Amino acid sequence: MTRFFLKFFVVFLLTVQPFSSFAKDKIMIIGDSLSAGYGLEQAQAWVNLLQNKYVAQKKPIEIINTAISGQTTDNALLKIDAWLAAHQPSHVLIELGGNDGIRGFPIKLLQKHLKELVTKSQQAGAHVALMEIQIPPNLGPRYTTMFTDSYKKVADSTDAYLMPYFMEPVAVDPTLMQDDNLHPNAKAQPIIRDFMDKEITAWLKHTKK
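Quick note on numbering: the sequence shown equals residues -23 to -1, 1 to 186 in mature numbering (1 follows the signal peptide of the UniProt record, and there is no 0).
Because the hints were derived from the structure by calculation, they are not lab data.
All of these numbers come straight from a predicted model, not from anything done at the bench.
Among these hints, one or two may not hold up.
Said to hold, decoys possible - No farther apart than 20 Å at their CA atoms in a straight line, the calculated lysine to any residue pairs in the SDA-like style are these:
1. K175 <-> Q34
2. K97 <-> T135
3. K3 <-> K30
4. K85 <-> D51
5. K89 <-> E109
6. K1 <-> L181
7. K1 <-> K182
8. K175 <-> E145
9. K175 <-> P146
10. K89 <-> H104
11. K85 <-> I112
12. K186 <-> Q99
13. K36 <-> D2
14. K129 <-> P113
15. K164 <-> G16
Construct all of the structure, not just a fragment, from the sequences and the given hints.
If you want it as structure tokens, here you go:
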């Protein structure tokens, strides 16, 4: 009888484990310093806080963070094939473009790079969300408007999910920003975590329709 139950248990593990792995949502974030936790301990950064929240709530969601401080869209294009092959994400969140905009990259080039990042991710079988990045108005209202509008244009042309900018709740409050007034501080991270928890939940629900 004991040997029978042992065999049953082994068969159970072999059948259930692949299903649980299949059921997990693997979200790969391709981002810059805002998702890399610039100026912070990694444990303080919003990505780690959100992953800890998922674990505490027993949600089958894994976050793979490939964000790099200073990363531009063309930098990411050099690495995305390797990231997709290595991690095989079910979902890809693209949080990029801020460094392109600050450096005044041509709008058409930004759109081209974003579209390629989205398309490569989709071709690898991932659902894609494109975060609608906003930049300071230093380069004038025309460039700033065209920059932000690029995200909706790319999302519309690729059928990617357009996600609002996670800096909106914190960028207007100096007490939530680091001294450079570009990066959120430790106090802002739980706010971003909760914002992203809500937005990612809506995105995952959308992809399962």
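Hint check:
1. K175 <-> Q34: holds (14 Å)
2. K97 <-> T135: OK: K97 and T135 at ~11 Å, within 20 Å.
3. K3 <-> K30: Answer holds: K3 to K30 is near 15 Å, not above 20 Å.
4. K85 <-> D51: holds (13 Å)
5. K89 <-> E109: Answer holds: K89 to E109 is near 15 Å, not above 20 Å.
6. K1 <-> L181: holds (11 Å)
7. K1 <-> K182: Holds - the C-alpha atoms of K182 and K1 are around 14 Å apart, at most 20 Å.
8. K175 <-> E145: With a Cα-Cα distance of about 14 Å, the restraint between K175 and E145 holds, given a limit of 20 Å.
9. K175 <-> P146: holds (13 Å)
10. K89 <-> H104: Holds. K89 to H104 sits at ~19 Å (cutoff 20 Å).
11. K85 <-> I112: Holds: K85 and I112 sit about 16 Å apart, inside 20 Å.
12. K186 <-> Q99: holds (17 Å)
13. K36 <-> D2: holds (9 Å)
14. K129 <-> P113: The hint holds at about 18 Å.
15. K164 <-> G16: With a Cα-Cα distance of about 12 Å, the restraint between K164 and G16 holds, given a limit of 20 Å.
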